[in-house]
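Enquirer: Okay, here's what each chain looks like letter by letter:
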Amino acid sequence: MGRFVAVRLFHALIVLIVVVVLVFIFARLMPGDALLVAVVSSNIDVDTAKAVATLRAQYGLDQPVYYQFFRWLTDFFIGDWGESIGTGEDVLDMFLERLPVTLQLFLWAAVWAYAIGIPIGIVGALRRNTKTDMALTTAALIGVSIPAFFEALILIYLLAVLLPIFPPSGFVPFGDDAWGNIMSMAMPGFVAGTGGAGLIARYVRSSLLEVMRQDYIRTARAKGLPESAVVRHHAMRPAMIPVVTVIGLAWTGVLGGLFIIEVIFALPGLGRMTVDAIFQKDFPVIQATLIVASLNVLLVNLAVDIVYGYLDPRVRVQ
Amino acid sequence: MFSRILTGACATAVAVLGFSLIQPLPASAADATIAKQPWAKWDTDGKPVRGGTLRLASSLYIGKMNPNHWPVNDWVTLSRFMERIYINNGTYEPATPWLAESLIFESPTVAVMKLRKGITFHDGSPFNASAIKHQFAWITDKKSGAWTAGSVGPVAKIDVVDEHTVRWTLKHPWAGFEGMLATAPGYAMSEKALKGDQSALDTNPVGTGAYMFDESSPDNFVKLKRNPNWWFAKASGNPDMPYFDNIVVSVIPDPAVRLANLRAGKIDLLTLDKSQYQIALKDPNLRVVKWPRNAMSGLRFNTTKGVFKDIRLRKAVSHAIDRKALIAGTQFGLGRIASAMYPGDHWGHNPNLKPIPFDPALSKKLLAEAGHGDGLAIKGYMYNTSTGTIVAEAVKAMLTNVGIDWQVELMPPPAAAEKMKSLDYDLALGGWSWIFDPDRMATGLYHPKGGFNFGRSNNPEIIELVEAGRKEIDRKKRQKIYWKLEEVVYNDYQDVFLWWEENAIAFNKNVMGWDNDAFLTYKDTYFMSHHLWFKDGKQ
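Keeping their order, the protein sequence lines are chains B and Y. At position 112 of the first sequence the residue is numbered 112 (the numbering used here), and the sequence of numbers has no breaks. At position 399 of the second sequence the residue is numbered 399 (the numbering used here), and the sequence of numbers has no breaks.
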């Protein structure tokens, strides 16, 4: 198992180095003068040319490209990720402040997704081809198909404007007001979770159906075990392998996938930060985000591989 | 006998108290300059009541809260806790002394400024001549990282004459001097704070404004609290101003969600997205007003390369566009048909110029005269925003009607900036926002050294007028120059001027004190001097 992990880590490191170089190059290749656009859009009457020249020097963009690269690389690894052109904040601080918000949203989404999706998937598999199965499959499909922004706006109208149960938007930190935090995350978490619930339900159903057809399940039944014990002790664990993959895939896509929800519900999270940075061509944030996202993918894939190895010993041998 | 004296004293006290409730407190000698201003009337909408928290929404977090550090994304909120030396009047002239009391030019390059007395910063330090001198020395010091340093370049030196008198010496006659005092470098900064940890001012600002900074959470909110020692409250005879105890500005990026918050009673006042104007008008719980904005939307020609060197083709394009239909169809009725580059309520606008009439028959005739009777193919770009897209589609359709095929690309602003720089267009997105000093736009668009020209316009008469306007410090003469400039630009069809912008804002009906007619007349000055309150002092 140790050698298995070490080999995976080495591969991840090689990929990371390539990503770092490519991120820098692609960020510079994006067309357009972001500082010029930013100054013009700044809603203040100033001498544009002089302001842009001052800012270009401030952000080191008047230096040769190779100098910019090495300066950025060395600064990055000592924790100086630069300053955002769009907000003026320290980029590392931006990540650290916004990560908990996105994590909370992701956790809420995961709770909703698994709390709804797994039971639906199990019932659907065990009551295959019945009316119950068809109804649940349809519900799962609807959950996957409804666009998040549409669902979000409908819920805001119904549960915040017409019936003022939840706040329409905004984030309250848990430390400031625990109940306020729960109320502010309830709707966004539900919207984020319903799409995932449908997906998980379908995965669990098909995976469980596949497992239930295996010889060892027939053997378990032949031994006289009740069906509930067969499912719980013999079928669930191998059926969860693809579901674990879904967790990994979901987390790697968290930045982009939750962006719409973060924007609509005005949650100050990483997803919203990232897309704002892309539209503003906010170099420091884009570079840091791409590296963190790549690291995210590498680490999650590594974690998934390790969990696979634990769940299925045949993977380790291979 | 003692009881009679006491009774008499009480009666006198009650009389004085009663009198002071219905009359403003007497103004000091300095305050007379405020009392005689035409906008210094506060007798509409009933008696103000103190109390409550005003809840607002913004699409972006404020960013840095030092106006000389990049970026500040919300100048409206910043203006609640920081104030400028001069502010703009109803025609966008920097003609209203605010923290200053007066400015007199002893010569074209030397001006003496008197500052108002009795103003203190939120940290208790005084606003005085020494603070002004220190602030501008700090701005021009490279170590300060002030992005506005270039804007104060023409200032040679600042001398402290006495505690409240400053002498400015300029390197050359500078028509934009007062304009500079009404923009970013003109926000007064505490000398005590600048001598301390300057970077703290980015997140814990110190100003002189009606509200003081309380707390903030990046990308989430900014909270302000009432300044009980606001100088203007005393100087104007409105000691209870400002009336709200707090202001909270929440960041809500999506316009539909901002409106949902307003309708759910979670915010009190909102600048509407244009598409929401008609919806808000129908809501019985909201009061909706509209006002002009100092921005012009238009299209720019490349007049030095390509087909639009020919003025007949520029005329053909301009007459092919139905501006009224464009405003109605793409701006939800919010916009004023533009006749020229400066908005109709701007002091630089020539009132004798009329909007270019919609005349597709004339367009076809001009196209034929120019040798393009069979059609004309041109290229360009617009922003890929929802507004940019529908305007592009509408204009494209209008041009197609007269035989002009406009190959318009939709792209994000940074990519559009590249196209603009390389002159890779015939007709493209134009216009200008935040038109205060007329030189910015004139130089930017039509002078060879302008930041948005890049060689696309090169008319000698226009260039001469731009340079003359920059140097002329007499206001009346300067106005004549800009009127002439507008006329030359107009007659040469240098660009297509489509509309001057309008905004709509919606108030919860509980919010009192907004006189829209007064705002239209005095604009920035009204906003700074007149404060809102809640009916009964509660949300």
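These are computed hints drawn from the structure, not numbers from a lab. Note that the Cβ used here is the ideal one computed from N, Cα and C, for glycine as well. Keep in mind that the hints are not guaranteed to be accurate.
[Said to hold, decoys possible] Every beta carbon over 10 Å from chain Y, so not counted as near; a handful from chain B, in silico:
1) 146
2) 219
3) 233
4) 290
[To be verified] Covered stretches of chain B (in silico footprint by chain Y; criterion: 3 or more residues with CB under 8 Å from a CB of chain Y, positions within the stretch not fixed):
5) 34-42
6) 50-61
7) 76-90
8) 156-165
9) 168-181
10) 262-268
Enquirer: Look at each hint and say if it fits the structure.
Expert: How the hints compare with the structure:
no. : hint    : result
1   : 146     : 17 Å, holds
2   : 219     : 56 Å, holds
3   : 233     : 48 Å, holds
4   : 290     : 17 Å, holds
5   : 34-42   : holds (count 7)
6   : 50-61   : holds (count 7)
7   : 76-90   : holds (count 5)
8   : 156-165 : holds (count 5)
9   : 168-181 : holds (count 5)
10  : 262-268 : holds (count 5)
Hint violations for this structure: none, all hints satisfied.
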